[in-house]
Amino acid sequence: MVRRYKNQHPTINDDLPNRIMSGSIQIRSNVKEFGENNVVFDDGTEEKDIHVVVFATGYSFSFSFCDESVLNVIDNEISLYKYIFPPHLEKNTLAVIGLVQPIGAIMPISELQSRLATRVFKGLVRLPSAESMLADVEQKKQAIKKQTEDLLRGIAALHFVVWAQYTQQEHNWQPAEMLLGEGEQA
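Counting from 385, one number per residue, gives the positions in the sequence shown under the numbering used here.
If you are wondering where the hints come from, they were derived from the structure by calculation, not from laboratory data.
Owing to the predicted nature of the structure, the values given are computational and were not obtained by experimental measurement.
Don't take each hint at face value.
Stated by the list, open to error - Here are the computed distance ranges between Cβ atoms for each label pair:
#  : residue 1 : residue 2 : range
1  : A514      : N421      : 35 to 41 Å
2  : C450      : I487      : 46 to 52 Å
3  : S453      : I411      : 40 to 46 Å
4  : T429      : P401      : 17 to 23 Å
5  : A519      : V436      : 20 to 26 Å
6  : F445      : V546      : 52 to 58 Å
7  : V546      : V454      : 25 to 31 Å
8  : E417      : A489      : 37 to 43 Å
9  : S448      : I487      : 27 to 33 Å
10 : V424      : V546      : 38 to 44 Å
Think of the CB as a built atom: it goes at the ideal place given N, C-alpha and C, for glycine as much as any other residue.
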């Protein structure tokens with residue numbers, strides 16, 4: 385399968401571009417086959433004297449400690465409103481924090497997720513109906529499928545600013561104020 389670079393989650397790393405430019409890391413096409421000590425790529429190129437191959441294929445996740453009726457992962461996909469809340473629970477007493485793949489740092493997003501969850505738990509923010517939350521989840525999944533070739537890796541691949549705006553748009557609070565400690569505290 386050919387993967388278009390614009391449809392993949394970027395690796396943000398200061399060292400990677402320098403290593404690619406210096407030749408110490410080489411970008412290759414997909415692997416066609418392995419020999420005893422060689423690798424043949426689907427573009428016909430070959431690397432010889434190979435001793436180790438590392439498959440960095442992503443990850444899969446599960447919530448084996450939790451009943452599937454509460455958190456159900458199917459094909460590495462989970463339905464969470466705002467990437468936080470299971471939409472089908474009778475009471476919003478559970479939040480999943482940090483299950484995102486941000487374009488940028490994860491800590492500010494986890495901080496905002498935690499603050500929003502706290503506001504929901506305290507009753508300061510009321511979530512929409514289960515039907516509305518499920519519709520929002522499905523809309524986001526479809527948008528991501530259009531942007532990425534691999535939904536399993538791109539399910540929550542959002543830029544921090546976009547995510548912050550998306551999270552606060554219905555809940556009348558400003559993430560920047562929350563992070564800076566101004567305004568109403570959660």
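Evaluated hints:
1. A514 <-> N421: 35 to 41 Å: Since the Cβ atoms of A514 and N421 sit about 56 Å apart, the hinted range of 35 to 41 Å is violated.
2. C450 <-> I487: 46 to 52 Å: Given range 46 to 52 Å: violated, Cβ gap about 28 Å.
3. S453 <-> I411: 40 to 46 Å: holds (44 Å)
4. T429 <-> P401: 17 to 23 Å: Given a distance of about 22 Å, which is inside 17 to 23 Å, the answer is holds.
5. A519 <-> V436: 20 to 26 Å: violated (47 Å)
6. F445 <-> V546: 52 to 58 Å: Violated - the Cβ-Cβ distance for F445 and V546, about 22 Å, lies outside 52 to 58 Å.
7. V546 <-> V454: 25 to 31 Å: Given a distance of about 28 Å, which is inside 25 to 31 Å, the answer is holds.
8. E417 <-> A489: 37 to 43 Å: Because 39 Å falls inside the window, the suggested range holds.
9. S448 <-> I487: 27 to 33 Å: holds (29 Å)
10. V424 <-> V546: 38 to 44 Å: Check passed, 40 Å falls within 38 to 44 Å.
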